[in-house]
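Asks: Take a look at the letters that make up each chain.
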Amino acid sequence: MSPEENIKAHWAETTRLTYIMIGIWAFFSFFIHMFSPALNGIKIMGFPLGFYMAAQGSLIIFVAQLFWFAKAQDKVDRKYGMAEED
Amino acid sequence: MSTEAQKGDFTSSLGRIYGVYTGGFVAFVVFIGVLERAGVPNHILGYLFVAFTIGVYAAIGIMSRTMQVDEYYVAGRKVPSFYNGMATAADWMSAASFIGMAGTLYLLGYDGLAFILGWTGGYVLVATLIAPYLRKFGCYTVPDFLAFRFGGNAARIAGIVVLMSCSFTYVVAQIVGTGLIGARLLGMSFEVAVFVGLVGILVCSMLGGMRAVTWTQVAQYIVLIVAYLVPVVILSTQKFGIPIPQLTYGSVLSEIQVKEAALGVTAAASHVVPFARYDPLNFFALVLCLMVGTASLPHVLMRYFTTPSVREARSSVAWTLLFIFILYFTAPAYAAFAKLEVFENVIGKPLGQLPGWVYSYGKIGLVQICGGNAVDLATITAACGRIAGHTGILQLSNFAIQADAIVIATPEIAGLPYVVSGLVAAGGLAAALSTADGLLLAIANALSHDVYARMINKDAPVARKLIIARVLLVIVAVIAAWVASGRPADIVAMVAWAFSLAAAGLFPALVMGIWSKKTTAAAAVAGIWAGFLATLVYLVVTRYFPGFGVNVLGMYSNVHPITGAALVDIAKLKAEQPAIFQQGWVLISHPLASKVGYFNVANISAGLFGMPIGFLTMFIVSKFTTAPTKELQSFIDDIRRPSGKAVMIEK
Chain D
15 MSPEENIKAH WAETTRLTYI MIGIWAFFSF FIHMFSPALN GIKIMGFPLG
65 FYMAAQGSLI IFVAQLFWFA KAQDKVDRKY GMAEED
Chain A
1307 MSTEAQKGDF TSSLGRIYGV YTGGFVAFVV FIGVLERAGV PNHILGYLFV
1357 AFTIGVYAAI GIMSRTMQVD EYYVAGRKVP SFYNGMATAA DWMSAASFIG
1407 MAGTLYLLGY DGLAFILGWT GGYVLVATLI APYLRKFGCY TVPDFLAFRF
1457 GGNAARIAGI VVLMSCSFTY VVAQIVGTGL IGARLLGMSF EVAVFVGLVG
1507 ILVCSMLGGM RAVTWTQVAQ YIVLIVAYLV PVVILSTQKF GIPIPQLTYG
1557 SVLSEIQVKE AALGVTAAAS HVVPFARYDP LNFFALVLCL MVGTASLPHV
1607 LMRYFTTPSV REARSSVAWT LLFIFILYFT APAYAAFAKL EVFENVIGKP
1657 LGQLPGWVYS YGKIGLVQIC GGNAVDLATI TAACGRIAGH TGILQLSNFA
1707 IQADAIVIAT PEIAGLPYVV SGLVAAGGLA AALSTADGLL LAIANALSHD
1757 VYARMINKDA PVARKLIIAR VLLVIVAVIA AWVASGRPAD IVAMVAWAFS
1807 LAAAGLFPAL VMGIWSKKTT AAAAVAGIWA GFLATLVYLV VTRYFPGFGV
1857 NVLGMYSNVH PITGAALVDI AKLKAEQPAI FQQGWVLISH PLASKVGYFN
1907 VANISAGLFG MPIGFLTMFI VSKFTTAPTK ELQSFIDDIR RPSGKAVMIE
1957 K
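Going line by line, the protein sequences match chains D and A. Numbering follows the working numbering, with no gaps: position 8 of the first sequence is 22. Numbering follows the working numbering, with no gaps: position 162 of the second sequence is 1468.
Just so you know, not all the hints are guaranteed correct.
What the hints assert, rightly or not - A few chain A residues that face chain D, going by a derived Cβ cut-off under 8 Å, partial list only:
{"#": "1", "residue": "GLY1427"}
{"#": "2", "residue": "VAL1564"}
{"#": "3", "residue": "ALA1709"}
Stated by the list, open to error - With a Cα cut of at most 20 Å, we get these calculated PhoX-like pairs of lysine-lysine:
{"#": "4", "chain 1": "D", "residue 1": "LYS57", "chain 2": "A", "residue 2": "LYS1565"}
{"#": "5", "chain 1": "A", "residue 1": "LYS1565", "chain 2": "D", "residue 2": "LYS22"}
{"#": "6", "chain 1": "D", "residue 1": "LYS85", "chain 2": "A", "residue 2": "LYS1936"}
None of these hints come from the bench; they were simulated from the model. Ideal Cβ placement from N, Cα and C applies to all residues, glycine included.
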């Protein structure tokens, strides 16, 4: 791969990973809460599920997602030789 | 010994240093508890809390003093991601998060969760779209990046204007926060507490800039998170025997729903039912504005300039969100426990049998019964006596509690000794001071670095730059404290505006600057102004000039979230009271204030208009202006890969 192709490929993969992240973010920020009136019909440990997702569920996803993202992006950078020295 | 070796020692012993600090803080709290047992009066204990914590922050601030530019602006880029996460969490969580958030959830129920979602999810945007790239770029301030990417000082000035308008009201609100905490919890006068706050901010930031602020913010995070968790953990243990309020409040929610039914609260207005106070459009618009605003606020972004690498900038965002999460997923538990207490022990009780905390917080204006402050039994008996047909039993409609009371009152609700209230005061103070430090640094650095060092005197020697930076920092802090000392209610309410302004003014330019090679300088400058001004006009007109909005801009009434009816009948008002449509700078009590707009969008979510306007302007203007040079495009490639040298290297 030429250096230019390498740059392009790295950015394409970075972009793809970012799209996935934004997709997860949009799902747990907006989409799922549109159904909270229905989800509230399900009770878990006293929590109506719709309330639980907005109060805790989505937040847990965000935190987990960011630790995963940090790892995954680093892997992409290393694959194309674009990571910083350790 | 070389500085490098000293730094290595310092970084490797951080765990030990903060471990000892945390142990010392816990020992101090226990010591205060012992003093309380021995009969030392409460106000002395309160002062000891303030003196001890601010003393420690001051010591850290003084030990971290520096005369090096990169230490002053970006803490030498040596802050490990874990500690930067803690510092950013403290930077982020303000007096309002600590004191007010739980109360907002108490008052708004499910719809208050828009703030919980909005103030956490934004970090996904920070981590994926912006922070790592700005870290690689290597700037000291956000306007620095805008200036480099978008052709100079026009973009820099636009960035500075947006930064100032978001950050200044915000820093004033923090200092007001220290005043209120001092006045309500420690029995100081408001003005004295504001002065203490000013001193607390300056000792942490003046000598060491970002470096000192970083290490005090870590210390402040530890204080604030301990203080936030202790009362509600004890409450949960008392009630359920399980010290995890975040899980046990599920049963509290169930009990609340049972009580609500008994008290005649309609199902649609229940604590757990969505879209009763905000309709879905406004709920999601608010979530979006808060999230995007989070991702564009300069005092947050600049914290990620301090990590040693791009890799650590990314993991640091993850740590930040974890540390923020710990507080934010606890806030709804506070709200639930407080609501149940009110439903069980306040509402439906004879006036003579109300718990003592009602009066403790009624005296300082946080609890109202039958329309007046609940000062004592005689006052509320008289007030309720004036209501026709009042039976002497407290009704739901007779009782009002201010948002700020929930966290403050919980220690007393749980029957805990004063030491816990003192701890909460210290935590609230830490939250206010840490956020104020970060904001102040963002404002002062924009003035000293962007305005002075980049635009006025480019060749100033380092020592002079650093002296100017400190002088400006003190000036901004004093002005902010002076404004705060007037208790400006409007300015505190305006803090929510900062998110919409940042979202519309900065987010499009930052994202396009990194993610599009085609966005031109003219497009970015036009986009920043268009998005920012559209948002600002919507905010100011709907809040302060609603008559002008209706008459000239064709605005109309917003609607009620449950019934869908118009909040104000414009035609009727125009016929009956035409004068109110001519008024400007109206008070919040004005019949039209914050009740008119377009498409039923509340003014707190004004960024919903500004963001697309900003993006669209950039897209269109880019089509008609010359594309960025090859050289600039290759710089963008450099920003996008972690390896290699920083694009901008500071001298």
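Asks: What are the numbers of the hints the structure violates, in ascending order?
Replies: Of the numbered hints given earlier, those the structure breaks are 2, 3, 5, 6, listed in rising order.
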